[in-house]
Amino acid sequence: MNYALIGAVILSVAILGGWLLVRFKDTDKSRQVKWALFVLYFWVLNFIQLIILAAAHYLMR
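The opening residue of the sequence shown carries number 1 in my numbering; numbering runs sequentially from there.
Watch out, some of these pointers could steer you wrong.
Here are the computed distance ranges between Cβ atoms for each label pair [said to hold, decoys possible]:
| no. | residue 1 | residue 2 | range |
| --- | --- | --- | --- |
| 1 | Asp28 | Leu5 | 34 to 42 Å |
| 2 | Trp35 | Gly7 | 21 to 29 Å |
| 3 | Ala54 | Val33 | 25 to 33 Å |
Just so you know, the hints here were simulated from the structure itself, not pulled from any lab data. Glycine residues also receive a C-beta, built at the ideal position from the N, C-alpha and C atoms.
Sequences and hints are given; from them, build the entire structure.
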């Protein structure tokens, strides 16, 4: 697969997942806290996806 396509999918899932987690989980927080939590969730989801893809790539060899 094309690396740019994989990167775009990872980015899209991390953005959508971070947005959904902030929107539905932390409804009573201020705007600044929501932004900080979005960034945290975004990076956590990014790293989880990268670890899963790296493990899958390693196991397929």
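Results for each hint:
For the pair Asp28 and Leu5, the beta carbons lie near 38 Å from each other, so the given range of 34 to 42 Å is met. For Trp35 and Gly7, the Cβ-Cβ distance of about 23 Å falls inside the hinted range of 21 to 29 Å, so the restraint holds. Restraint check, Ala54 to Val33: a C-beta distance of roughly 32 Å satisfies the suggested window 25 to 33 Å.
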